[in-house]
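Quick note, the sequences are listed as chains A and B, same order.
Just so you know, we're using UniProt numbering here: the first sequence kicks off at 1 and counts up by one.
Just so you know, we're using UniProt numbering here: the second sequence kicks off at 1 and counts up by one.
Just so you know, the hints here were simulated from the structure itself, not pulled from any lab data.
Just so you know, not all the hints are guaranteed correct.
Because identical chains share one entry, a pair is satisfied inside a single copy or across any pair of copies.
[Stated by the list, open to error] Straight-line alpha carbon distances no greater than 30 angstroms define the calculated DSSO-like cross-link-like pairs of lysine-lysine that follow: (1) Lys-223 <-> Lys-336; (2) Lys-284 <-> Lys-336; (3) Lys-336 <-> Lys-181; (4) Lys-81 <-> Lys-257; (5) Lys-284 <-> Lys-376; (6) Lys-542 <-> Lys-463.
Here the structure is a predicted model, which is why all the values come from computation and not from measurement.
Protein chains: 2
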Amino acid sequence: MAEYQAPLRDIRFVMNEVFDAPSLWASLPKVAENVDPETADAILEEAGKIASSVLAPLNREGDEQGCQWHEGVVTAPEGFKEAYQTLVEGGWNGLGGNPEFGGMGMPKTLVAQFEEMMQGANMAFGLAPMLTAGACLALDAHGSQELKEKYLPNMYAGTWSGAMDLTEPHAGTDLGIIRTKAEPNDDGSYRITGTKIFITWGEHDMAENIIHLVLAKLPDAPKGPKGISLFLVPKFLVNEDGSLGERNRLSCGSIEKKMGIKGSATCVMNFDGAKGWLVGEENKGLAAMFTMMNYERLGVGIQGIGAAEASLQNARAYALDRLQSRAPSGAQQPDKVADPIIVHPDVRRMLLTMKSYVEGGRAFSTYVAQWLDISKYSDDDERRTYAEGMVALLTPVAKAFLTDRGLESCILGQQIFGGHGFIREWGQEQLVRDCRITQIYEGTNGIQALDLMGRKVVGSQGKLYELFAQDVTRFLEDNRDNEALRPFLEPLAAAVERLDDVTEHVLAQAAENPNAVGAASVDYLDLFGLTALGYMWARMVKAAAPKAEGDRSGFYSGKLKTARFYFERLLPKTVSLAESIRSGSEAMMALSAEEF
Amino acid sequence: MAEYQAPLRDIRFVMNEVFDAPSLWASLPKVAENVDPETADAILEEAGKIASSVLAPLNREGDEQGCQWHEGVVTAPEGFKEAYQTLVEGGWNGLGGNPEFGGMGMPKTLVAQFEEMMQGANMAFGLAPMLTAGACLALDAHGSQELKEKYLPNMYAGTWSGAMDLTEPHAGTDLGIIRTKAEPNDDGSYRITGTKIFITWGEHDMAENIIHLVLAKLPDAPKGPKGISLFLVPKFLVNEDGSLGERNRLSCGSIEKKMGIKGSATCVMNFDGAKGWLVGEENKGLAAMFTMMNYERLGVGIQGIGAAEASLQNARAYALDRLQSRAPSGAQQPDKVADPIIVHPDVRRMLLTMKSYVEGGRAFSTYVAQWLDISKYSDDDERRTYAEGMVALLTPVAKAFLTDRGLESCILGQQIFGGHGFIREWGQEQLVRDCRITQIYEGTNGIQALDLMGRKVVGSQGKLYELFAQDVTRFLEDNRDNEALRPFLEPLAAAVERLDDVTEHVLAQAAENPNAVGAASVDYLDLFGLTALGYMWARMVKAAAPKAEGDRSGFYSGKLKTARFYFERLLPKTVSLAESIRSGSEAMMALSAEEF
Chain A
1 MAEYQAPLRD IRFVMNEVFD APSLWASLPK VAENVDPETA DAILEEAGKI
51 ASSVLAPLNR EGDEQGCQWH EGVVTAPEGF KEAYQTLVEG GWNGLGGNPE
101 FGGMGMPKTL VAQFEEMMQG ANMAFGLAPM LTAGACLALD AHGSQELKEK
151 YLPNMYAGTW SGAMDLTEPH AGTDLGIIRT KAEPNDDGSY RITGTKIFIT
201 WGEHDMAENI IHLVLAKLPD APKGPKGISL FLVPKFLVNE DGSLGERNRL
251 SCGSIEKKMG IKGSATCVMN FDGAKGWLVG EENKGLAAMF TMMNYERLGV
301 GIQGIGAAEA SLQNARAYAL DRLQSRAPSG AQQPDKVADP IIVHPDVRRM
351 LLTMKSYVEG GRAFSTYVAQ WLDISKYSDD DERRTYAEGM VALLTPVAKA
401 FLTDRGLESC ILGQQIFGGH GFIREWGQEQ LVRDCRITQI YEGTNGIQAL
451 DLMGRKVVGS QGKLYELFAQ DVTRFLEDNR DNEALRPFLE PLAAAVERLD
501 DVTEHVLAQA AENPNAVGAA SVDYLDLFGL TALGYMWARM VKAAAPKAEG
551 DRSGFYSGKL KTARFYFERL LPKTVSLAES IRSGSEAMMA LSAEEF
Chain B
1 MAEYQAPLRD IRFVMNEVFD APSLWASLPK VAENVDPETA DAILEEAGKI
51 ASSVLAPLNR EGDEQGCQWH EGVVTAPEGF KEAYQTLVEG GWNGLGGNPE
101 FGGMGMPKTL VAQFEEMMQG ANMAFGLAPM LTAGACLALD AHGSQELKEK
151 YLPNMYAGTW SGAMDLTEPH AGTDLGIIRT KAEPNDDGSY RITGTKIFIT
201 WGEHDMAENI IHLVLAKLPD APKGPKGISL FLVPKFLVNE DGSLGERNRL
251 SCGSIEKKMG IKGSATCVMN FDGAKGWLVG EENKGLAAMF TMMNYERLGV
301 GIQGIGAAEA SLQNARAYAL DRLQSRAPSG AQQPDKVADP IIVHPDVRRM
351 LLTMKSYVEG GRAFSTYVAQ WLDISKYSDD DERRTYAEGM VALLTPVAKA
401 FLTDRGLESC ILGQQIFGGH GFIREWGQEQ LVRDCRITQI YEGTNGIQAL
451 DLMGRKVVGS QGKLYELFAQ DVTRFLEDNR DNEALRPFLE PLAAAVERLD
501 DVTEHVLAQA AENPNAVGAA SVDYLDLFGL TALGYMWARM VKAAAPKAEG
551 DRSGFYSGKL KTARFYFERL LPKTVSLAES IRSGSEAMMA LSAEEF
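This is chain A alone, in the form it adopts within the complex (with noise of 0.2 angstroms):
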């Protein structure tokens, strides 16, 4: 099994060399005040050597021992609690978190390049500071100032860990529809009372408290989504000085066994008159969820990338070190047995529709890291409106988009070792059995795509999605001349013509037909990201082009090669989906239950 390696090479030319980050924060004062180039450089640094020294080699042992129940308590794998403190020390927990409560205010352009590192380590172990980022964001947004103080320094320092409460037994995806109730106490607090399931770290023995963020219905609150109200719910209670009190009446029930991220616990958890506070306004929970839920979906994209990035990291090892028969054009290394098997244009048909989604991937997701920064840190109103409806545009596409293509590379990187993919030793299973989650969890990606289709695209009559078209057209205007990009510019223009005609013809038909939406989604949201993939091939071909010629590394000029690979393999699936998606609704609505 290949060691996990940071690919800090390919993340520094993403976010400094495609994406130009530290201009970026110079922009954006409150940005500049917290990070400079060199800072963020010795971030990555450091984060690089926790993922690959501290959290990779727990991986395979995590997954294996997995997380132990007993009456109540849970015990993360060996190892993982000691990792944990790790990352209590450097502060890691608090990265991107408000410096006004002890958080070190860092963009999310750089952590996003810490938080794939971590995901791809250690996937399993990583989803504790995720869910912990994530809770801090909503309570950082919606917490009253009593709220944060008494909480967010604990939860970025890490010594408390954050839950998110939300899915019931019967209630997914349908919110709407929870049965947990919230009990007005005379203090101002509130008794929960329920059975939260699918809920990640809930219980476990890394932390000292565990802050969880709990959906619940008022009494008489209106039916529905509207009727839904966010409260804190911590494991123990913490005293007026700060200090940890007793128990709260929550327990978790049990912990579920599953198909891969093992090292983590999913918890059933039981509220039984648990004492809570509540976080926003009344009945605005669901709204409250969603301001995190742009940061924590992209952040489930990346773990997408990530899964993938080990992937090809370990397919690439042993595609140049397996022997396996002789290269079509004869043999390459006639003293040895058989030639390694990366000479064969199959294997790297595989290995090369990884790293184009993987690297391609990256630069998507820095994008977006880029709009959440802009988003959040602007003083410029229109430059922050525009950033705030990309984000919200492409949001679902970096979940949804990334987490397939992820579990697409996990399942290529597996096929490259054959047999050998199969069995556990090589890692390559546990891959794909991690990555699976990313497409389920945090909204499915059929969820996704509906998002994006019916809420974004349609819901905005397509001015969202005119955000996304100008920027590519931009893109393509800016850069005519550039010879280097040439043979991208058509294709890609053609691309996003395709794009622009599907969103028109889908806004047309949603006008009319209901089903609309629901039938061309998810084939939409796959067409959307392989033209969106396209655009940030070609800005990394516009960044690496000038250092390619005389490169001996091979970095530069691998990116341009790949960028043709992507645009004459890949991107062409567009011209399919785009077909797909006309053929509108009627052949999925026309069965009966009984015809299917």
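Following the hints, complete the assembly by docking chain B onto the known chain A.
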């Protein structure tokens, strides 16, 4: 977790109504003497019972327990031994076997249906009879009369099972470099020495003896694939009177921990001067293996369908049962808290994609089985030759396309369950883990694609391809005036034309570029499979249309509507595949090792 229901209605439709297997059997005297439609139907019925009430109930527990290895002894999961005994008592291991040695002589068109149900109910278990049947085929085709008389009756009975020992740690795809050696003894037997890995059910406690067919090299054998011979190596030596004698010098060194099919044992087999007997001619071992490969590879394709069918059954039941959100066109069950998720277009898209592949795949495997029967049993030389060509051409498509779509269907089924699909209790995640191996073993799907494009299509200068194209063209011509088929004939003709063009294109490329085949192969196989499934759906429409009117069950009208979905939503993928293939090999061959 839904219980597996043997899909007898669908199987009968394909076998009897679409392909009219009874007429085929009647036309083949050697088949007709063993089977008639009533017998065949009774066999299906009984096979269905065994699948759903004996094998399926053991599936999850088999996965949880796995096989246990202790000092060379492998114990199958609880209940497997008794289930195996049920198969022995019913003579199921010899269903397709040669009647001269105690087999039942049933045609593949029937046996394939039994296989689908067995594999759909419990793939880990189903591998044992599958491997035995494969070993019997090789032995029957190439063994001496003496070997056949000594081993086949007990193997057909199932009291002895079979195993295929090909792979070695350093030699998987490239069997030419195996190291296991066979040295002649004075009595005509050989001493076999070496290590084999990934030997499915190579050791277990379900049968009295295990007959290994082992690839090994004779002293001074030519290098490479032309120096490989095949040997029969029993676990227990067999005395003159047929009773079991002493233990042979072979042992199971360990079993693999793996992603799925955990209920089966994947063995490391050590041969330490074990006594073996040559099967077929010296140095012709690979050819002998390939005799049974066509059967085994179709069998693996059928595993893909079996798993996908199980996934479809579960997902359909869940989609009808799970209440979540409202239909886009307004509440369908206003008295309930939400509508069943089958109202959503995207859930229907997933179910219909699965249904398209499962039912189209079943038709395709039966279509291939039909050619296998003709190639094996026809007295008409011309007909037999045609069928042999079709088998050679279609087998790699059946193996790879059906398992690729099998995994896709298992993943879609899991997706429909949302978070519940990821946890073990619903069984969906096991289907994904189990099905994944079908793309890898028995020649990876990449190797299947090379076999199709290289050996079969290019190797025959397109002649084998023409056989298939002719068959579709004949169908198109014969049904030119079929009203029900009208919407399908034109797109099917267009798809075949596209496949024609791409075939011609790659043939031309291959003449000058050794990498052309490998660059096109996987996409070509996919294009071929999608086109072939279009043909299958057209044939199903032809069979279903006359019965659809007034059919209250929805069975026939469901077929027509699914065909429409397939043609509108899935067949268009061929457009993009053709475009990708035409881009050739340059982009993927351009990178040096460093540039990856």
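Taking the hints in turn, this is what the structure says about them:
Within a single copy, Lys-223 and Lys-336 get their C-alpha atoms only as close as 71 angstroms, which misses the 30 angstroms cut-off; across copies the closest is 13 angstroms, which meets it. Taking the shortest Cα distances, Lys-284 and Lys-336 sit within 30 angstroms of each other only across copies (25 angstroms), while inside one copy they are farther apart (67 angstroms). Only between protomers do Lys-336 and Lys-181 lie at most 30 angstroms apart by alpha-carbon distance; the minimum there is 20 angstroms, versus 69 angstroms within a single protomer. Taking identical chains as interchangeable, the C-alpha atoms of Lys-81 and Lys-257 lie at most 30 angstroms apart whether they share a chain (21 angstroms) or sit on different chains (27 angstroms).
Taking identical chains as interchangeable, the C-alpha atoms of Lys-284 and Lys-376 lie at most 30 angstroms apart only when both belong to the same chain, with a minimum of 21 angstroms there against 70 angstroms between chains. Taking CA atoms no more than 30 angstroms apart as the test, Lys-542 paired with Lys-463 passes inside one copy only; the shortest distance there is 28 angstroms, against 46 angstroms between copies.
Taken one by one, the earlier hints all hold for this structure without exception.
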